[in-house]
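> These are the residues of each chain, in order.
Protein chains: 2
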Amino acid sequence: MATKASDTTSGPVIELAEPLLLDSGRTLAGVRVAYETYGSLNADKSNAIVICHALTGDQHVASPHPITGKPGWWIRMVGPGKPIDTDRFFVICANVIGSCMGSSGPASEAEDGRPYGMRFPVITIRDMVRAQVALIDALGIAKLHAVVGGSMGGMQALSWAANFGDRLNAALVIASTARHSAQNIAFHEVGRQAIMADPAWHGGDYYSKDVADPRKTGPESGLAVARMAAHITYLSEQGLTEKFGRRLQDRDAKTFGFDADFQVESYLRHQGLSFTDRFDANSYLYITRAMDYFDLAEEHGGKLADAFAGTKARFCLVSFDTDWLYPTGESRTIAHALNAAGLPVSFVELSAPFGHDSFLLDVPELDRVVAGFLQ
Amino acid sequence: MATKASDTTSGPVIELAEPLLLDSGRTLAGVRVAYETYGSLNADKSNAIVICHALTGDQHVASPHPITGKPGWWIRMVGPGKPIDTDRFFVICANVIGSCMGSSGPASEAEDGRPYGMRFPVITIRDMVRAQVALIDALGIAKLHAVVGGSMGGMQALSWAANFGDRLNAALVIASTARHSAQNIAFHEVGRQAIMADPAWHGGDYYSKDVADPRKTGPESGLAVARMAAHITYLSEQGLTEKFGRRLQDRDAKTFGFDADFQVESYLRHQGLSFTDRFDANSYLYITRAMDYFDLAEEHGGKLADAFAGTKARFCLVSFDTDWLYPTGESRTIAHALNAAGLPVSFVELSAPFGHDSFLLDVPELDRVVAGFLQ
Numbered sequence: 001m002a003t004k005a006s007d008t009t010s011g012p013v014i015e016l017a018e019p020l021l022l023d024s025g026r027t028l029a030g031v032r033v034a035y036e037t038y039g040s041l042n043a044d045k046s047n048a049i050v051i052c053h054a055l056t057g058d059q060h061v062a063s064p065h066p067i068t069g070k071p072g073w074w075i076r077m078v079g080p081g082k083p084i085d086t087d088r089f090f091v092i093c094a095n096v097i098g099s100c101m102g103s104s105g106p107a108s109e110a111e112d113g114r115p116y117g118m119r120f121p122v123i124t125i126r127d128m129v130r131a132q133v134a135l136i137d138a139l140g141i142a143k144l145h146a147v148v149g150g151s152m153g154g155m156q157a158l159s160w161a162a163n164f165g166d167r168l169n170a171a172l173v174i175a176s177t178a179r180h181s182a183q184n185i186a187f188h189e190v191g192r193q194a195i196m197a198d199p200a201w202h203g204g205d206y207y208s209k210d211v212a213d214p215r216k217t218g219p220e221s222g223l224a225v226a227r228m229a230a231h232i233t234y235l236s237e238q239g240l241t242e243k244f245g246r247r248l249q250d251r252d253a254k255t256f257g258f259d260a261d262f263q264v265e266s267y268l269r270h271q272g273l274s275f276t277d278r279f280d281a282n283s284y285l286y287i288t289r290a291m292d293y294f295d296l297a298e299e300h301g302g303k304l305a306d307a308f309a310g311t312k313a314r315f316c317l318v319s320f321d322t323d324w325l326y327p328t329g330e331s332r333t334i335a336h337a338l339n340a341a342g343l344p345v346s347f348v349e350l351s352a353p354f355g356h357d358s359f360l361l362d363v364p365e366l367d368r369v370v371a372g373f374l375q
Numbered sequence: 001m002a003t004k005a006s007d008t009t010s011g012p013v014i015e016l017a018e019p020l021l022l023d024s025g026r027t028l029a030g031v032r033v034a035y036e037t038y039g040s041l042n043a044d045k046s047n048a049i050v051i052c053h054a055l056t057g058d059q060h061v062a063s064p065h066p067i068t069g070k071p072g073w074w075i076r077m078v079g080p081g082k083p084i085d086t087d088r089f090f091v092i093c094a095n096v097i098g099s100c101m102g103s104s105g106p107a108s109e110a111e112d113g114r115p116y117g118m119r120f121p122v123i124t125i126r127d128m129v130r131a132q133v134a135l136i137d138a139l140g141i142a143k144l145h146a147v148v149g150g151s152m153g154g155m156q157a158l159s160w161a162a163n164f165g166d167r168l169n170a171a172l173v174i175a176s177t178a179r180h181s182a183q184n185i186a187f188h189e190v191g192r193q194a195i196m197a198d199p200a201w202h203g204g205d206y207y208s209k210d211v212a213d214p215r216k217t218g219p220e221s222g223l224a225v226a227r228m229a230a231h232i233t234y235l236s237e238q239g240l241t242e243k244f245g246r247r248l249q250d251r252d253a254k255t256f257g258f259d260a261d262f263q264v265e266s267y268l269r270h271q272g273l274s275f276t277d278r279f280d281a282n283s284y285l286y287i288t289r290a291m292d293y294f295d296l297a298e299e300h301g302g303k304l305a306d307a308f309a310g311t312k313a314r315f316c317l318v319s320f321d322t323d324w325l326y327p328t329g330e331s332r333t334i335a336h337a338l339n340a341a342g343l344p345v346s347f348v349e350l351s352a353p354f355g356h357d358s359f360l361l362d363v364p365e366l367d368r369v370v371a372g373f374l375q
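For the protein sequence lines, the chains are P and Y, in the order given. For the first sequence, the positions run 1 to 375 when full-length UniProt numbering is used. For the second sequence, the positions run 1 to 375 when full-length UniProt numbering is used.
Quick caveat, the hints were computed from the structure, so don't treat them as lab data. Misleading hints may appear alongside valid ones.
Straight-line Cα separation of at most 30 Å, BS3-like style, residue types lysine-lysine; simulated pairs [what the hints assert, rightly or not]:
1) LYS303/Y <-> LYS254/P
2) LYS254/Y <-> LYS303/P
3) LYS312/P <-> LYS82/P
Computed list of chain Y residues with no C-beta within reach of chain P, every gap over 10 Å [as the list claims (entries may be wrong)]:
4) SER40
5) PRO66
6) ARG76
7) LYS82
8) ALA134
9) ARG251
10) ARG314
11) THR333
12) VAL363
13) GLU365
By construction, the Cβ of each residue, glycine as well, lies at the ideal position given by its N, Cα and C atoms.
Put together the whole structure using the sequences plus the hints.
Okay, here's the thing in structure tokens:
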């Protein structure tokens with residue numbers, strides 16, 4: 001796994017000239033930010049859109065994933081003639097710091113030449129955004145047409161508006177929240193405990209190049225369990241019932257054993273195992289921590305409306321009726337705060353059967369909302 | 001942990017004279033059933049109530065737990081003058097087979113003198129009930145006044161009515177379901193994978209008397225993670241927010257580390273760790289499997305109403321509005337089937353903030369419903 005960060009980056013990477021001052025008070029020097037772009041920046045640099053990715057996402061929005069070879073995670077939304085039209089917009093997506101797809105994270109080399117592991121500083125959503133601001137600075141872009149994100153990407157879009165409000169004209173926040181609830185934290189804590197309980201975690205110091213397959217040296221079992229637990233929260237009960245119900249997996253009767261009798265078991269096991277091929281367990285710890293720490297109101301004196309005092313951006317909020325991870329009430333809270341701040345906001349709850357994952361899936365109404373807002 | 005089953009049983013245990021024929025087709029000989037009773041059986045043996053316990057429950061309904069020393073798990077409901085009034089009723093609660101509190105389970109000795117481990121047969125809810133029927137046979141009780149249970153206990157009460165319908169006059173089913181949904185199975189599968197991923201599980205063969213503290217030889221870490229994940233499903237989002245919100249644990253500010261900064265993290269970790277003191281990981285595997293296999297309609301030709309063809313019992317179904325594990329719709333499905341079968345049924349959804357765990361907690365309206373139904 002040690003090699004993931006460096007081996008698997010196919011796109012550009014910049015190293016920030018200045019150290020990042022983090023919310024923790026620590027500074028991080030030599031920060032690398034790996035990113036992808038789609039489309040062309042126009043002459044007055046006014047057509048740039050930053051897309052922010054979710055917990056286990058990456059910068060490969062609309063181009064194949066370098067490890068899995070799968071298509072980009074938002075090809076239905078981003079491309080020529082798509083709702084986020086790369087014939088018109090210059091789309092930028094950066095791997096968040098703390099992650100493992102080329103940006104600085106726990107698998108990166110520290111100054112002593114060894115991977116950081118748990119010596120990497122705990123970061124926040126705002127720290128992730130700071131790295132992205134430095135990236136658009138480096139690209140010479142003063143103001144973005146929009147920042148767009150779903151789930152943790154939506155948290156970043158909110159953080160952009162709250163902390164760098166003069167750097168964007170619009171924020172599109174999908175299936176997200178202004179703060180993590182107790183239940184959100186609880187599910188993440190289960191995942192972290194699953195990873196840290198795995199003896200192969202070794203206090204985060206599991207990176208080694210001295211084995212045949214470096215991807216198989218870490219707490220793969222714990223990470224798979226963490227992914228399985230999280231994955232359930234991304235789907236709706238209704239969606240799981242429609243997709244799997246109690247159907248058996250390649251068998252006519254229960255086996256009265258502990259193999260994956262049910263399709264939903266087989267599916268979850270596959271989700272867990274395949275995740276470990278492309279993700280670093282320590283990154284999972286750091287990014288979930290950043291999400292759990294996210295509380296935009298607290299960051300701005302306790303009142304959410306005050307978080308938006310420094311921006312004139314217009315907002316679009318989208319929630320999904322079957323999303324129980326960040327239910328519609330969370331978006332409504334944001335809408336109320338934006339109203340109180342006197343900012344233009346449109347807010348829509350869409351009906352879709354897929355739960356939280358709806359923002360990634362076939363919801364034509366979402367396409368129309370996104371295209372309309374970015375006009 | 002090997003000694004849990006035998007050391008910790010304080011009440012009576014019977015060994016069944018006949019082998020149990022199980023749903024798997026296997027037979028289990030020498031089955032032991034540990035149980036507790038409260039109150040006195042009357043002369044015509046007409047005042048007996050069987051209470052069925054939940055996944056991690058036990059027979060110690062209204063008397064202290066022999067390991068933890070904590071009061072019985074339903075003392076608010078069972079006792080002299082309580083809704084299930086032991087001045088009037090003879091209450092019986094048996095540890096389910098597959099469990100670890102004295103009834104036969106994976107920690108029990110097989111015929112070769114070694115613990116079964118994963119050689120224990122996979123059992124079903126109906127198999128658990130078969131052992132209880134054998135127990136009341138042994139006690140000379142022909143017909144129960146009622147069978148009562150919450151959660152998995154409710155599944156057993158339904159199974160009593162469906163399979164031994166002439167042995168009970170009434171069934172009280174609280175916060176339960178007639179079948180496990182895909183989401184229910186998914187959460188259980190996460191727990192099983194957490195246990196089986198723990199290297200200390202050793203394929204279930206972790207029982208050893210050759211260590212100082214036999215309770216610390218098994219997959220405690222995996223079991224704790226399983227318990228944490230399950231525990232979230234027992235509580236409502238609202239209840240977690242009210243109880244914990246984003247409050248910090250014994251600190252004024254986030255530590256920017258991976259300790260339990262938030263109260264909800266500390267609480268969950270405690271729930272996980274303390275559970276391993278009193279429960280056997282293999283039992284967790286077997287009992288969750290039994291619950292996932294539970295589908296009362298499938299067991300009776302595919303139509304739920306047909307499951308109740310052999311009984312004249314009256315029913316009471318109770319659900320809770322914040323229970324998202326077995327939501328009200330599951331009880332409604334059962335009520336419709338009982339209506340279709342022409343059986344008397346009362347069905348009430350109670351309002352309580354505690355989620356699934358409401359059946360164990362302070363819900364005075366539940367007390368009234370239970371007392372009224374058992375008149």
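> Each of the hints needs a verdict: does it hold here or not?
The hints, checked one at a time:
1. Among the hinted pairs, LYS303/Y with LYS254/P is consistent with the structure: their alpha-carbon atoms are about 19 Å apart, no more than 30 Å.
2. The hinted pair formed by LYS254/Y and LYS303/P meets the criterion: a straight-line CA distance of about 19 Å does not exceed 30 Å.
3. For a cut-off of 30 Å, the pair hint linking LYS312/P to LYS82/P stands: about 27 Å separates their Cα positions.
4. The claim that SER40/Y lies off the interface holds: its Cβ sits roughly 40 Å from the closest Cβ of chain P, which is beyond the 10 Å cut-off.
5. Listed as outside the interface, PRO66/Y is consistent with that label: its C-beta sits roughly 28 Å from the nearest C-beta of chain P, beyond the 10 Å cut-off.
6. At the 10 Å boundary, the C-beta of ARG76/Y stays outside the reach of chain P, the nearest C-beta of that chain being 25 Å off.
7. For LYS82/Y, the condition that its CB be more than 10 Å from all CB atoms of chain P holds, with the nearest at approximately 32 Å.
8. Interface exclusion of ALA134/Y from chain P stands, the closest Cβ pair being 21 Å apart, more than 10 Å.
9. For ARG251/Y, the non-interface assignment is confirmed: its Cβ lies about 13 Å from the closest Cβ of chain P, beyond the 10 Å cut-off.
10. Separation of ARG314/Y from chain P is adequate, the least Cβ-Cβ distance of about 29 Å exceeding the 10 Å criterion.
11. Even its closest Cβ contact with chain P, about 13 Å, leaves THR333/Y beyond 10 Å, as expected for a residue assigned away from the interface.
12. With a least beta-carbon separation of about 21 Å from chain P, VAL363/Y lies farther than 10 Å from that chain, consistent with its non-interface assignment.
13. Once the 10 Å rule is applied to beta carbons, GLU365/Y is consistent with being away from chain P; the minimum gap is 25 Å.
When the structure is compared with the earlier hints, no violation turns up for any of them.
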